[in-house]
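**Q** Protein chains in written order, with the numbering used here: chain A, 1 to 318; chain B, 1001 to 1409.
Honestly, I wouldn't trust all of these hints.
[As the list claims (entries may be wrong)] Only part of the chain B face toward chain A is listed, based on derived beta-carbon distances under 7 Å: (1) E1049; (2) S1191; (3) P1262; (4) R1332.
[Claimed, not checked] According to the in silico footprint, chain A covers these stretches of chain B (three or more CB under 8 Å from chain A): (5) 1155-1165; (6) 1195-1202; (7) 1219-1233; (8) 1275-1283.
[As the list claims (entries may be wrong)] 25 Å max Cα-Cα, derived DSS-like pairs, lysine-lysine: (9) K33(A) <-> K1271(B); (10) K33(A) <-> K1270(B); (11) K198(A) <-> K1270(B); (12) K1268(B) <-> K198(A); (13) K261(A) <-> K1204(B); (14) K52(A) <-> K77(A); (15) K261(A) <-> K1270(B); (16) K1268(B) <-> K261(A); (17) K1204(B) <-> K1002(B); (18) K198(A) <-> K1271(B); (19) K198(A) <-> K1272(B); (20) K72(A) <-> K52(A); (21) K6(A) <-> K52(A).
To be clear, the hints were calculated from the coordinates, so they are not data collected in a lab. This structure is a prediction, so every number in the text was calculated from the model and none was measured. Note that beta-carbon positions come from the ideal geometry of N, C-alpha and C, so glycine has one too.
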Amino acid sequence: METLLKTDGLSVHYLTRRGYVHALDGINLEIGKGETVGIVGETGCGKSTLAKTILGVHPPKTRVEGKVIFHKTDLTKLDEDSFRRIRGKEIALIFQDPMTRMNPLMRIQDHFVEVIQAHDNVPAAEARRRAEEALTSMRVPESRIRHYPHEFSGGMRQRIMIAMALVLHPSLLIADEPTTSLDVITEAQILQILEDLKESYGMTLILITHNLGIVANVCDRIAVLYAGKLVELGTVSEVFARPLHPYTQGLLASIIHLDSKGLHSIEGSPPDLLVPPAGCRFHPRCPFAQPVCQESIPPLREFTPGHLAACHFGEKFL
Amino acid sequence: MKIENLKVHFPIKRPLIQNILSHEKLVVHAVDGVSLTVRPREILGIVGESGSGKTTLGRTVLRLLEPTSGRIELHGRDITHLGESELRPLRRQMQIIFQDPHASLNPAMTIGRAIGHPLEIHDLVENKEEAHDRVLQVMREVGLTPEEQLYSKYPEDLSGGQRQRAAIARAMILRPELIVADEPVAMLDMSIRAKVLELMMQLKQRHGLTYIFITHDLATAKLVCNRLAIMYLGRIVELGDAGEVYADPKHPYTRALLQAIPEPDPSKRKKKDLPQGEVPDAVHPPAGCRFHPRCPVALRTCGWEGQDFLDYIDRRSLDPVLEARERLSVGREEDWKAEGLQASRKMVKGNEAGLVESVTHVMSEAPMPMSQALSKVSVVGETVQVEFQPPADLQPKKIDDRVVECLLY
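Using the sequences and the hints given, assemble the complete structure.
**A** Here's what the structure looks like:
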């Protein structure tokens, strides 16, 4: 498969009053054209940082090391002007809560016109025509184009967000918890839309979520982040059937679904990334931890073709 | 607790001018005729989507909101209209845990003080030492340890799970009998939800608590609740034993909810047959069964009305071919006005017959139950009217050990 995006030793350090927070540490991830990759992990594990770094948006004084290669360009080296040509046009983002991402005083059509004209030199009428087309494809009646954001339901707003993200035909779509604020039925509707996009346009999608049920239903591959480290990577069917990292095992066990017989959880909480634990970052919470886990950092190793995990004892779970 | 035909309606605030121009009184029908019994020491789940009225119901039974009509009984005593001074002693027996512990804990109050605050309010302790001891005791009980250390921390120093434990401790310190838990784990990471739920189960066992567990998550509800009440737009559509509701869901809405939950098993991927659209607004809830516009097995008598016609032509406009043809003949959704069973459109004189014909044609292509429910398309003065037959009477029905509100039964 042709690679669309590749991160190479990507590390991100945020400067806070207390010092540098090591939000991402040496992430190597390749995303193929037309693929859907789910990025999972608890709050504070670096999921959203990864999305922000790909899009080149972070707070001032953030240190970024390593590369993000997109279409042969290293995005981390781009200046703001060149990045602006890629952001939205080549790589689009949809957020958790569409309401906070729209201007309440602007009609839907003006949002679209603004987005389109920022990248393409077209008259407003042409921009509006494209907007109507994008809306209809998301099953939002085009007659609503003159309405304001608050006049729509949550699911409708998220569909408008998706339409807006797609109107410039980006090659990569990043969805950061796109259904978290929606109800189950609406969530399932939105997921079906994302799935249709995959099928009909061959869209490449990075789906960031804490809900592993969604990953199981929508994604081809899954990347598990823990405390800024990539700890497991593989196809969805492999990882769900045979999770090799104890953290992934814990995450899978703690899903509450209709066939759950009991309650499981992972002891403790993710570490403070100002001073991450030595050795394997998961060792303080790991039920299988050995002395070696406190001392040496387990490398990400390939256990079966395409299934990688960063655990000293990954073989045990094969 | 016994709840009878409870209604909670919120008036909509409008600018004065609109009130003068329109005499229609607009209210949100948040809870619209709910009857329930909460049994001692059970966990009753109230399950529904946002806008179903589940939170309003939870707050109203604790009398945190004023009911519009109906009756709430606690141990046989009518508490529907008790004043604040009479309610005060009862509040010790009934506590609430909110969804967002970050919002429900005062950021300027230490955890210890926040947990002990109810003791001060209800004047239950002799002195500071006694309060301090009781706070530490309840902190140990909910697993907020080391308790001496955490006592003087602020909410922002705690993790999400610890904050929710603090909120539970604050509810528990008064030794209540009934706790309304409003989405107590929805804001927490999956990996720690189980711990908080386990804690709630332990507390229930130890103190014989009764919970009203409000959630949108049917999977969690199935795991922790004894009985489930499924709510949709202010009504309970199904009520029964949790295991049975899951094994054999009766109401089409319950079935839709169950089906929509993503299963964490990639080998069981399948295209879902989802209900269309979203929950309509509660200012003008649909006639008849409120789920009828989205129901896959709706009948002719389920409550088809003017608004359904508007929604139908709106959906048709998504098809570019139909849109081009019908924009001029039938008109757009905004050309029509819905009022009760009717939808109407003002016409230029002479064009009525054509419109009647177009509408009749479009209705013949409508989904079965809706087209069957059509009463007539006619010209009345300068308007063309689409009229539907009145819906059948819908009441909650007892089937086996279940209460279901659906015309299929």
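**Q** Taking the earlier hints as the rules, which of them does this structure contradict?
**A** none
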